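*Asks:* Letter by letter, the chains look like this.
Number of protein chains: 2
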Amino acid sequence: MSEPSSSSRPETTLLVLGATPPTPPPRLGALTGRARVLHADETTLAARLPLADALLVWDFASDAVRRAWPGEGPRPRWVHTASAGVDHLMCPELAASDTVVTNARGVFDQPIAEYVAALVLAMAKDLPRTLGLQRERSWRHRESGRVAGTRACVVGSGPIGRAVAGTLKALGITVALVGRAARPGVHGAAELDRLLTRADWVVCAAPLTDETRGMFDARRFGLMQPSARFVNIGRGPLVVEADLVAALSKRWIAGAALDVFEHEPLPADSPLWTTPGLIVSPHMSGDTVGWRDELGAQFMELYEDWAAGRPLRNVVDKERGYVPGH
Amino acid sequence: MSEPSSSSRPETTLLVLGATPPTPPPRLGALTGRARVLHADETTLAARLPLADALLVWDFASDAVRRAWPGEGPRPRWVHTASAGVDHLMCPELAASDTVVTNARGVFDQPIAEYVAALVLAMAKDLPRTLGLQRERSWRHRESGRVAGTRACVVGSGPIGRAVAGTLKALGITVALVGRAARPGVHGAAELDRLLTRADWVVCAAPLTDETRGMFDARRFGLMQPSARFVNIGRGPLVVEADLVAALSKRWIAGAALDVFEHEPLPADSPLWTTPGLIVSPHMSGDTVGWRDELGAQFMELYEDWAAGRPLRNVVDKERGYVPGH
Numbered sequence: 001m002s003e004p005s006s007s008s009r010p011e012t013t014l015l016v017l018g019a020t021p022p023t024p025p026p027r028l029g030a031l032t033g034r035a036r037v038l039h040a041d042e043t044t045l046a047a048r049l050p051l052a053d054a055l056l057v058w059d060f061a062s063d064a065v066r067r068a069w070p071g072e073g074p075r076p077r078w079v080h081t082a083s084a085g086v087d088h089l090m091c092p093e094l095a096a097s098d099t100v101v102t103n104a105r106g107v108f109d110q111p112i113a114e115y116v117a118a119l120v121l122a123m124a125k126d127l128p129r130t131l132g133l134q135r136e137r138s139w140r141h142r143e144s145g146r147v148a149g150t151r152a153c154v155v156g157s158g159p160i161g162r163a164v165a166g167t168l169k170a171l172g173i174t175v176a177l178v179g180r181a182a183r184p185g186v187h188g189a190a191e192l193d194r195l196l197t198r199a200d201w202v203v204c205a206a207p208l209t210d211e212t213r214g215m216f217d218a219r220r221f222g223l224m225q226p227s228a229r230f231v232n233i234g235r236g237p238l239v240v241e242a243d244l245v246a247a248l249s250k251r252w253i254a255g256a257a258l259d260v261f262e263h264e265p266l267p268a269d270s271p272l273w274t275t276p277g278l279i280v281s282p283h284m285s286g287d288t289v290g291w292r293d294e295l296g297a298q299f300m301e302l303y304e305d306w307a308a309g310r311p312l313r314n315v316v317d318k319e320r321g322y323v324p325g326h
Numbered sequence: 001m002s003e004p005s006s007s008s009r010p011e012t013t014l015l016v017l018g019a020t021p022p023t024p025p026p027r028l029g030a031l032t033g034r035a036r037v038l039h040a041d042e043t044t045l046a047a048r049l050p051l052a053d054a055l056l057v058w059d060f061a062s063d064a065v066r067r068a069w070p071g072e073g074p075r076p077r078w079v080h081t082a083s084a085g086v087d088h089l090m091c092p093e094l095a096a097s098d099t100v101v102t103n104a105r106g107v108f109d110q111p112i113a114e115y116v117a118a119l120v121l122a123m124a125k126d127l128p129r130t131l132g133l134q135r136e137r138s139w140r141h142r143e144s145g146r147v148a149g150t151r152a153c154v155v156g157s158g159p160i161g162r163a164v165a166g167t168l169k170a171l172g173i174t175v176a177l178v179g180r181a182a183r184p185g186v187h188g189a190a191e192l193d194r195l196l197t198r199a200d201w202v203v204c205a206a207p208l209t210d211e212t213r214g215m216f217d218a219r220r221f222g223l224m225q226p227s228a229r230f231v232n233i234g235r236g237p238l239v240v241e242a243d244l245v246a247a248l249s250k251r252w253i254a255g256a257a258l259d260v261f262e263h264e265p266l267p268a269d270s271p272l273w274t275t276p277g278l279i280v281s282p283h284m285s286g287d288t289v290g291w292r293d294e295l296g297a298q299f300m301e302l303y304e305d306w307a308a309g310r311p312l313r314n315v316v317d318k319e320r321g322y323v324p325g326h
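Heads up: the protein sequence lines correspond to chains G and S, in order. Using full-length UniProt numbering, you'd call the opening residue of the first sequence number 1 and step up by one each time. Using full-length UniProt numbering, you'd call the opening residue of the second sequence number 1 and step up by one each time.
Derived from the structure by calculation, the hints contain no laboratory data. The structure presented is a predicted model; accordingly, all values stated were derived computationally and were not measured. It cannot be assumed that every hint is accurate.
[Unchecked claim] To give an idea of the interface, some chain S residues facing chain G are shown, with a C-beta separation under 10 Å as derived from the structure:
(1) Ser138
(2) Thr209
(3) Ser249
(4) Lys250
(5) Arg251
(6) Pro265
(7) Pro267
(8) Ser270
(9) Trp291
(10) Gly296
(11) Ala297
(12) Met300
[Unchecked claim] Pairwise CB distance ranges, derived in the manner of DEER restraints:
(13) G:Ala242 <-> S:Thr32: 43 to 49 Å
(14) S:Ser138 <-> G:Ala190: 39 to 45 Å
(15) G:Glu264 <-> S:Asp63: 39 to 45 Å
(16) G:Ala242 <-> S:Glu143: 28 to 34 Å
(17) S:Ser138 <-> G:Gly149: 32 to 38 Å
(18) S:Pro50 <-> G:Arg140: 33 to 39 Å
All residues carry an ideal CB built from backbone N, CA and C; glycine is no exception.
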């Protein structure tokens, strides 16, 4: 890797894996004269990877990095992904390398927490049915639920899970936060099953790792109360989707909302679209107006640290698959 | 009025204006041996009113009291309505009488606050559109809004308005509370127009009185921002419904939700059902599971105070049309 240069000739190369359709990352203009910015897409990434000192994974939904990384030649010393999860890009070769991986920790926390609150309240107040009755011009008074005094189990104790817990608590909900290992304020994974049996709301905000893949399956849906509702804003493969469909159909649980899916976009023939009691949304929970600007600004802050040789924030534990710590 | 009796023969008569379909008020069994409980419906109320020492308006949506009260004969000394608003039952003769009127202040506060939060978050997160796209099996990612950092104007500074304000503040929203007269923490009505011009959310939680009838009209919708959303959980006639339809159609405001209407149930041919950007719900915002039990328990607490000659809580200022206070 070349040193960040104060000469007129940039010696640092930043490679940007762009989104399709292209939405160029904002603020990279600030690098003019300081770095050479190369763009790649899924087809050109493998060839350009050896040229890069740093890689910005702007197209965070792509798995191109995971496919291209094991190839020949030098590799960037730093990879930043404009997402909270790193499951799309991690591969054993990247994990074993010296390359530092950082993520967009922080940008999505509060928006996702609000989105979960919106889903919880909508389900408590039976809003989907109200909207359906409105389409039929049908006045049908019903009683709805209170959320204050109910219990939530939030699975995933990173910044997103903690923000979700904070917002639900602000609504008067008692929250149990579950992480990999117990620590003050966080239950360890060993307590999950017990907590599931008493939760009114189960929110999945876990990273996708080998340990968490498929963690919400028939057995765990079977532990939940018939009145419980399940929300997934983490990653699709955390849930065994067929098991969730069955759990809803058999009324093991009362409702669910998925913002993330095993296959995205969700195929038009997926049974999830029409599963009774299930709200389907298109992976939008964290994406509030201005989110791309925030992601761009966050990358530039990290870039300044990297260029100056300062320690980076948001460094992912590549074995665990997320940023450890509080 | 007879004194509350400790003899074996009840001398107090409680008249209950029942709901249609009949949902008997719970807990009145506790009065066995202590009071004679008579029931009335809209057709029998006028004839039975002179027999009653106290009247429980269990059918709080009925205007039978307002119609029957001006008639001949003695009148109950105490009227309790199982609702927050007293607009359905008040008439000049009742207002001028010595009869004490109490209401269900307190029962609906927190449920309604949650309901408003559900509507605010659903509109911020574009949930109605998401549910519509789900029906079409259409994956369409959109950016949504954050509620933290936005501004709400809550009109009505009684317990419901204050509970709404508290819940919205817990979501990070800056709230201006507007009452009839300014007091610490509450803006006076004279400031309403100015506050409307800068609110992202306008929530109507005002009592229906001669002063407030039709307060949300074309002029006031015209003051709001094009991005503003309006929510009414107070009483239908606080809003000039045709003006709201026009304001939404002309995009003077971005959206609205009505839980209360000039005519309830909302007629099937009302244009409100299909006004774009409008959520219609069937006057259910405060009615969470167990609400009838709570209303019954609250009445019994008041009854004990009344029977013992103790001062009553929740006494309505019959001129103003609500319980004054903080």
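*Asks:* Hint by hint, where does the structure go against what was stated? Just the numbers, ascending.
*Replies:* Structure breaks hints 2, 3, 4, 5, 10, 11, 12, 13 and 15.
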